[in-house]
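K.L.:
Respectively, the protein sequence lines represent chains X and R. Here the first sequence is numbered in the numbering used here, starting from -6 and rising by one per residue. Here the second sequence is numbered in the numbering used here, starting from -6 and rising by one per residue.
No lab work stands behind these hints: they were computed from the structure. From a predicted model like this one, the values you see are computed outputs, not experimental measurements. Some hints could be false.
Given that identical chains are not distinguished, each listed pair holds provided it fits within a single copy or across any two copies.
To be verified - Within a straight-line C-alpha distance of at most 27 Å, the following computed BS3-like cross-link-like pairs (lysine-lysine) qualify:
#1 Lys173 - Lys329
#2 Lys173 - Lys88
#3 Lys227 - Lys329
#4 Lys384 - Lys87
#5 Lys75 - Lys281
#6 Lys173 - Lys75
2 protein chains.
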Amino acid sequence: MRNCIIAQSGGPTVAINASLAGVISENITGHFFDTVYGSLNGITGILDGRVLNLSEISSSQNDFIDTLKVTPAMYLGSCRHKLPAISENSEEYKKIFSFFDEFEIDTFFYIGGNDSMDTVLKLSDYARKIGSDVKVIGIPKTIDNDLIGTDHTPGFGSAAKYIASSIREIAHDTYIYPVKSVTIVEVMGRDAGWLTAASALARNEYSAAPHLIYLPEKPFDIEAFIEDVQKLLKTNNSVVVAVSEGIRDKDGNYISASGTVTDNFGHQQLSGAGKALEGIIADRLGIKVRSVEVNILQRCASHLASLTDLDESMEQGRKAHLLSQAGESGVMVVLKRTSDDPYLTETDCLDIHKIANEVKSVPTDWINPEGNDVNEKMLTYLRPLITGEPKVRYENGLPVYLSVEHLTSHII
Amino acid sequence: MRNCIIAQSGGPTVAINASLAGVISENITGHFFDTVYGSLNGITGILDGRVLNLSEISSSQNDFIDTLKVTPAMYLGSCRHKLPAISENSEEYKKIFSFFDEFEIDTFFYIGGNDSMDTVLKLSDYARKIGSDVKVIGIPKTIDNDLIGTDHTPGFGSAAKYIASSIREIAHDTYIYPVKSVTIVEVMGRDAGWLTAASALARNEYSAAPHLIYLPEKPFDIEAFIEDVQKLLKTNNSVVVAVSEGIRDKDGNYISASGTVTDNFGHQQLSGAGKALEGIIADRLGIKVRSVEVNILQRCASHLASLTDLDESMEQGRKAHLLSQAGESGVMVVLKRTSDDPYLTETDCLDIHKIANEVKSVPTDWINPEGNDVNEKMLTYLRPLITGEPKVRYENGLPVYLSVEHLTSHII
């Protein structure tokens, strides 16, 4: 018997299930593995025996692959579990590899972000160390787009499309009153500004919103910000600002309103960069101001996913399957862009040691000298990633996703 | 010459332009009016001479009606202007009616919510008082669904669809970790709980989210809320709560965290019910908790509009045109439901004196006795309103809406 097991980890994206669908559908075609297992809640499902027979589940449901492809978040659940260093404690490693033995696992596929790639690195190192034949292959995902070695990560394009579409719609909302106003939109991305940069795609021939864009890659200067806004208010009624949640001042301190905030129930409130800038504008300029925290929908709104993103994510799942057939281990699937226009990419793989625990920031020469916008290099990079609309099925007016009910009842 | 003028007022919805499209397209068909004018920023455009020739603009652009129908917010801009009582000050009335004379206006159509219907009432009363033949007709819109005399208001169905879809997607996001957590989703609706109630439509065969729903129509009891959450946490990992921004305690005080909140820039912060409940759960239960303020996208996300809503909104614009032809004035277009299943409605009109300045609340017998959910009566009412998806055109991965650029350059 030759089996494989797949798990998902880290924060949700709308594309992480497309990669899962890619691995499963490649096996439906090629039957390389006798059984595809799934581990619930990432690596922890293997550790505490919560494992499913995905081959069985997928073949028993109509449209399983198509619906899985557009279902947000993790079908198999997630975890935030970090394996200890092998040298410190090998207990969990022994447990995992004893599971691999028992279930005749040939390959472990791990779909996730930076932390998950650390797990891929450690497990593949351990396999080598103990002379195990088990292959460990990473499939990337993160809306933050901060994994190195790949052109961009699954999940990013859809989140970028959500941000750009939302800002376009918010712009229409802000244009209706003939009074001066500032709208601050806070976007996810603690360390890398990729997603905030994608707000620039919202601009069209009649709307320059967002008028200002601030990323964590450049120090944020409050006085320069006030000046930027004041200058724009001379010619615009409505100024829309996109700001990363991770903006910091020149000393590296987060711009946030969290410091001394307590509510009337005595609870310490954590408020982000958007709220902080809202307060600054209100105090200093005394004009109408609103901050909008684009909430968790930016990572789970499958109804507005990028088809390019979902297709590429599925393709990277398939590629992982092919890499296993080719005997690769200790690698992550990567995407190489061979042309911007027409947009062309190839899948490949890279040694996990070159990827794990690194962060890909926005190159500073993709940001304008004033630090309040991105330039054409960034736009050329971003444009192809948000194109295409997947066929999401609607029933009674609502998008239909894959049921996660009773998944635990399938535990072997 | 027989002309008409249209204006839009109040807060944005995704359906208010569909009603505008309805009036214009009905005139394209029937040519009842020689020219359809538009007033920028509601009634204030008439007061200060910012008026456009909509017949000309609409005939000069391809797909004008179709694109206008799906464009969010107000194509003509909005205002929050309240006319003084006629007895107090008639200056503005004289100005408005002298404009009507000059432009040979036969009918003034005003698309808006409660405040706009107050304007319709006052202008039609004034016309009667001075013996003017000018007709004044109101076309409703509000995501709050709080106008009386009509089954539901344009804009509500789309906002309801956005809320229900978002909560379904948020539910997927919250289910991924096997740890106890509470997610509080704050929905717009200061005085009426209709939109928060629509969150109940998110439920399906695998997800009971939102597990709790609190509307402003019933006093909010913090101790009962804590008990409700604790009870659910015994059987659920993830508890999702939908709460109206307008919930109040038994003494009528808003449940909000605004009281003593100041940030580290010394600015007084206003935080809503969601943040307040987040603080309460963190303090009292000490578990993972997050609050999500469904932001202004609930009123401007045209990409997720309800086709039923847009079609009905357009139909109500057409009906207003027909009412004018029939010589009606001082009325608002209303929608009467004749059957729930199959869902059937008829347009009609009602004397504006029976509508203006009243608020339609959720009937208390549509809320469960515990005050933490809605019942089947509410669901039967809501279900048809969110069905159908409009054809929104995408270009380069983003929804295409009607340009508002240079609209002011068309001012006559």
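K.L.:
Each hint: holds or not?
P.N.:
A quick look at each hint next to the structure:
1. Within a single copy, Lys173 and Lys329 get their C-alpha atoms no closer than 45 Å, and across copies no closer than 40 Å, so neither meets the 27 Å cut-off.
2. Taking the shortest Cα distances, Lys173 and Lys88 sit within 27 Å of each other only across copies (26 Å), while inside one copy they are farther apart (62 Å).
3. Taking the shortest Cα distances, Lys227 and Lys329 never come within 27 Å of each other, neither inside one copy (44 Å) nor across copies (48 Å).
4. Proximity of Lys384 to Lys87 under the C-alpha cut-off of 27 Å is found in neither arrangement, the shortest distances being 43 Å within a copy and 55 Å between copies.
5. In the homo-oligomer, the alpha carbons of Lys75 and Lys281 lie at most 27 Å apart only across protomers (19 Å), although the nearest pairing inside one protomer, at 45 Å, exceeds that limit.
6. Taking the shortest alpha-carbon separations for Lys173 and Lys75, only the inter-copy value of 20 Å comes in at or below 27 Å, while the best intra-copy value is 49 Å.
Hint compliance for this structure: hints 1, 3 and 4 are not met, and every other hint is.
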